[in-house]
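Line by line, the protein sequences are chains A and B. The opening residue of the first sequence carries number 1 in the working numbering; numbering runs sequentially from there. The opening residue of the second sequence carries number 1 in the working numbering; numbering runs sequentially from there.
If you are wondering where the hints come from, they were derived from the structure by calculation, not from laboratory data. A hint or two may mislead.
Where chains are identical, the list cannot tell them apart; a pair therefore holds if satisfied intra-copy or between any two copies.
Cross-link-like lysine to any residue pairs, in silico, SDA-like; alpha carbons within 20 Å at most [what the hints assert, rightly or not]:
(1) K31 to D116
(2) K193 to E217
(3) K184 to A194
(4) K184 to S72
Residue strings, one per chain:
Number of protein chains: 2
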Amino acid sequence: MDAIKVIEIKKSVFEDNDKDAENLRKELKDKGVFLLNLMSAPGSGKTTTLIQTLNRIKDKVHVAVMEADIDSDVDAVKIREATGVSSIQLHTGGMCHLDAEMTRQGLDNVELKDVDLVVLENVGNLVCPAEFDTGAVRNAMILSVPEGDDKPLKYPLMFTVCDLVIINKTDVMPYFDFDLNRCKEYIHQRNPKAQVIPICAKTGEGVDAFAQWLLAEVNAWKNN
Amino acid sequence: MDAIKVIEIKKSVFEDNDKDAENLRKELKDKGVFLLNLMSAPGSGKTTTLIQTLNRIKDKVHVAVMEADIDSDVDAVKIREATGVSSIQLHTGGMCHLDAEMTRQGLDNVELKDVDLVVLENVGNLVCPAEFDTGAVRNAMILSVPEGDDKPLKYPLMFTVCDLVIINKTDVMPYFDFDLNRCKEYIHQRNPKAQVIPICAKTGEGVDAFAQWLLAEVNAWKNN
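Bound conformation, chain A alone:
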């Protein structure tokens, strides 16, 4: 296999991120490409969730993955080895988030004419990524059980901007003080429209529901 492509992302020089994001979304719409921005805290299981999901959808849509990290290319390598899906690594040079222009720098390295769906795995961080519209069609985030059910109270913006909240590591629920109903309540206080899907990426439980959500969103974007 070729070496993983590593893109060194430069800080955006444009000031109007919201406008850049809108322009990027329009461009993606014209090209029939759906962009998912996947966010979470460090270690919540984004990469494992992606691997499980990609293996369920890769025969139905053409997918590419962009893995953002401050350093290392372990995630991009993992994704490609476990799924065969085309994956590039974005290095953010110490920066804690991606904005629309930085996302575009990544997309410039993806053959957009060959794909229906690009998944952007954002930097592991519940604060800064929520503040910057990347130009994605949908935002999703993963909250893992060990992090606690009170996170929507502490990181309100993240839960406000996400269309979907995936609750991962449900297999360890018995070992943690995590109340799924209380967590859903906190999420809906922040964002009444947010969908919530509990999964266990390790065993694959619940991942079908996420895969179905994603395929439906991609189809709606391409066909409406």
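Starting from the known structure of chain A, arrange chain B on it as the hints suggest.
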């Protein structure tokens, strides 16, 4: 009990954070006050660890706690209810870290003449807080087992700036693919001098070692 004091922290207008941090450290030295900057990802167990530790040291040193959060005062309330230790809440107004000037705004609300030790619980984030010297005498961070042993590879600066890495939630080690020796190796690749203390804040296992480290550091700062 009185209501928890909530301080709305304003963004720093000073540009030279390193100089501000040095000045703050000197001032704390003159006053005989030790400041610990405690960092981690969301949900790693900072507050539970603090509660266990405060209950072990509060009869030996005079302590105050500053809880930084984007929103809510749940942590400050928890700390005070569980330990009786004086605790204030710092609201960062959406910001993802504290710098030295913001830390000073918090310290202005602590009776420094009555305390030996102030613990600053920084915003839950492995990226931005590592970039800003708060003026603390020591930096410590908590990595919890469910986050994975590869975090020193992905968040290098955090592990480089910390004098102590606490590895929390060791009780769930059997349920996660976490290799303590591999993790220590990754930490020491980033920072050969970092001390590593494994604990389980829920059961209290290992917390004595952290409490002893902290007391020794406070005494060294006050007496040298």
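These are the hints, each one checked on the structure:
Within a single copy, K31 and D116 get their C-alpha atoms as close as 9 Å, which meets the 20 Å cut-off; across copies the closest is 62 Å, which misses it. Taking the closest pair of Cα atoms, K193 and E217 come within 20 Å of each other only inside a single copy of the chain (15 Å); across copies the shortest separation is 49 Å, beyond that limit. Taking identical chains as interchangeable, the C-alpha atoms of K184 and A194 lie at most 20 Å apart only when both belong to the same chain, with a minimum of 9 Å there against 39 Å between chains. Taking the closest pair of Cα atoms, K184 and S72 come within 20 Å of each other only across two copies (18 Å); inside a single copy the shortest separation is 34 Å, beyond that limit.
Hint compliance for this structure: no hint is broken.
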